[in-house]
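Trainee: The primary structure of each chain is shown beneath.
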Amino acid sequence: MTPHRFAPGERVRVRAAEPPGHVRTPHYTRGHLGVIESRAGSFANPEELAYGRSGEPSVPLYRVRFEQKQLWPDYAGAPHDTIVVDIYEHWLEPAEAKSRRTTRPGTDKIKARQRRSKR
Amino acid sequence: MSGDHGPHPHQPDLEDAPASESELLARAVEELLIEQSVITASDMRRAIESGDARSPASGARLVARCWVDPAFERRVLASVNDAARELGLDLGPVEVRAVKDTERVHNVIVCTLCSCYPVGLLGASPDWYKSRAYRSRVVREPRAVLEEFGTHLPQDVELRVHDSSADLRYLVIPLRPAGTEGMSEEALATLVTRDCMIGTALPAPPAGD
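Here the protein sequences line up with chains A and B, keeping their order. The first sequence begins at 2 in this note's numbering and counts up one residue at a time. The second sequence begins at 65 in this note's numbering and counts up one residue at a time.
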């Protein structure tokens, strides 16, 4: 089992990446700050499983808590409302990391390729 | 004698809609498996029947037991799959987690990316749970969605949405309603409806009070 890098209570940012393929990180969380609510075990990587591969090594999963007001600036509910999303570790980075749009080498290239193919 | 029943509209039969590609594929695979004696038609029928037999009554039993037995509730919060086995329920390999409502926090479940759902405890999910409207709106305006279910949540209660888009499934343990102190576990279970365990509704106190 892959050890967890983040601990409960730690502030993290969801990578603002848009890789191609099957991804289980909801779009509305990307680029946003959250807090590790708890560690939730390790699972075969769904981004690999989706293409018939083994999904090994397994990836640590976390329950990450977000403030609704942070996710949706016009959120009309109560100011203390929250949402907890299950997110795999390779989508998270420490909150201090300042990189806003890309965090992983190669992401820029992939996005550029996507932009080109859209034209 | 005439086959003419007049111009009134009739309800289309199931077969009137064109079969989708995945339906055709499933049918072809099923026929092949049976033809090659991998499974029998009875195996298939039994699997469908046992799938359809799952219902929210199982989840309601689990919640009612939590209400009357705090030690059981602690085991549920530690592992729903293990605790369910005590009630004779096999939830399979997928891990189910319980989130417990308190006076200060109300929980509601969604799977925005597909329709993950604890079928072993709640049976097949309702169509609205799978709808784009529910999946997209309950994360963005959950209080408005709950109001449409007739569920009003005071502003001072934290509404916590759980998006289960990964490997875990969730079940809400709602608050036991006031005025149910003398009720039996079986009677309590009748207050716990499917929507109470998704979090879009709250258990109503017993009728007639």
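Since the hints were derived computationally from the structure, they do not count as laboratory data. Watch out, some of these pointers could steer you wrong.
Here are the simulated SDA-like cross-link-like pairs (lysine to any residue), alpha carbons at most 20 Å apart as the crow flies [said to hold, decoys possible]:
id, chain 1, residue 1, chain 2, residue 2
1, B, Lys194, B, Leu217
2, A, Lys70, A, His81
3, B, Lys164, B, Arg240
4, B, Lys164, B, Phe136
5, B, Lys164, B, Gln219
6, B, Lys164, A, His28
7, B, Lys164, A, Tyr29
8, B, Lys164, A, Phe7
9, A, Lys70, B, Ser248
10, B, Lys164, B, Glu87
11, B, Lys194, A, Arg25
12, B, Lys194, A, Pro58
13, B, Lys164, B, Ala117
14, B, Lys164, B, Lys194
15, B, Lys164, A, Arg40
16, A, Lys70, B, Ser101
17, A, Lys70, B, Glu222
18, B, Lys164, B, Ser200
19, A, Lys70, A, Tyr29
20, B, Lys164, B, Glu249
21, A, Lys70, B, Pro218
22, B, Lys164, A, Arg25
23, A, Lys70, B, Arg240
24, B, Lys164, B, Pro71
25, A, Lys70, B, Leu78
Please read all numbers here as calculations on a predicted model, not as lab measurements.
Trainee: State for each hint whether it applies.
Mentor: Structure-based check of all given hints:
1. In summary, the hint linking Lys194 of chain B to Leu217 of chain B is not supported, as the alpha carbons are separated by about 23 Å, beyond the 20 Å threshold.
2. Our distance criterion of 20 Å between C-alpha atoms is met by Lys70 of chain A and His81 of chain A, whose separation comes to about 8 Å.
3. Between Lys164 of chain B and Arg240 of chain B, the direct Cα distance comes to roughly 11 Å. Compliance with the 20 Å bound is thereby established for this hinted pair.
4. Using a Cα cut-off of 20 Å, the hinted pair Lys164 of chain B and Phe136 of chain B holds, with the two alpha carbons roughly 13 Å apart.
5. For the hint pairing Lys164 of chain B with Gln219 of chain B, the CA-to-CA distance comes to about 19 Å; that is within 20 Å, so the pair holds.
6. About 27 Å separates the Cα atoms of Lys164 of chain B and His28 of chain A, which puts this hinted pair outside 20 Å; it is violated.
7. For a cut-off of 20 Å, the pair hint linking Lys164 of chain B to Tyr29 of chain A is broken: about 25 Å separates their Cα positions.
8. At roughly 24 Å between alpha-carbon atoms, Lys164 of chain B and Phe7 of chain A are farther apart than 20 Å, so this suggested pair is violated.
9. Using a Cα cut-off of 20 Å, the hinted pair Lys70 of chain A and Ser248 of chain B is violated, with the two alpha carbons roughly 42 Å apart.
10. For the proposed pair Lys164 of chain B and Glu87 of chain B, the alpha carbon gap of about 39 Å is over 20 Å, so the pair is violated.
11. For the hint linking Lys194 of chain B to Arg25 of chain A, the alpha-carbon distance of about 16 Å falls within 20 Å, and the restraint holds.
12. Only pairs whose Cα atoms come within 20 Å are accepted, and Lys194 of chain B paired with Pro58 of chain A is rejected, the gap being roughly 31 Å.
13. For a cut-off of 20 Å, the pair hint linking Lys164 of chain B to Ala117 of chain B is broken: about 26 Å separates their Cα positions.
14. At roughly 23 Å between alpha-carbon atoms, Lys164 of chain B and Lys194 of chain B are farther apart than 20 Å, so this suggested pair is violated.
15. For the suggested pair Lys164 of chain B and Arg40 of chain A, the alpha carbons sit about 18 Å apart, so the restraint of at most 20 Å is met.
16. Distance hint between Lys70 of chain A and Ser101 of chain B is unfulfilled; the C-alpha atoms sit about 57 Å from each other, more than 20 Å.
17. Taking the CA atoms of Lys70 of chain A and Glu222 of chain B, the gap is about 13 Å. The hint holds against a cut of 20 Å.
18. A threshold of 20 Å between alpha carbons decides the hint, and for Lys164 of chain B with Ser200 of chain B the separation of about 23 Å lies outside it, so the pair is violated.
19. Restraint check for Lys70 of chain A and Tyr29 of chain A: the C-alpha separation of about 12 Å stays at or below 20 Å, so the hint holds.
20. The straight-line distance between the Cα atoms of Lys164 of chain B and Glu249 of chain B is roughly 18 Å, inside the 20 Å bound, and the hint therefore holds.
21. Taken as a hint, the Lys70 of chain A and Pro218 of chain B pair is honoured in the structure, with Cα atoms around 18 Å apart against an allowance of 20 Å.
22. As the CA atoms of Lys164 of chain B and Arg25 of chain A are separated by approximately 25 Å, the hinted pair breaks the 20 Å bound.
23. Using a Cα cut-off of 20 Å, the hinted pair Lys70 of chain A and Arg240 of chain B is violated, with the two alpha carbons roughly 30 Å apart.
24. The hinted pair formed by Lys164 of chain B and Pro71 of chain B fails the criterion: a straight-line CA distance of about 55 Å is larger than 20 Å.
25. Distance check on the hinted pair: Lys70 of chain A and Leu78 of chain B sit about 45 Å apart at the alpha-carbon level, beyond 20 Å; violated.
Hint compliance for this structure: hints 1, 6, 7, 8, 9, 10, 12, 13, 14, 16, 18, 22, 23, 24, 25 are broken, all remaining hints hold.
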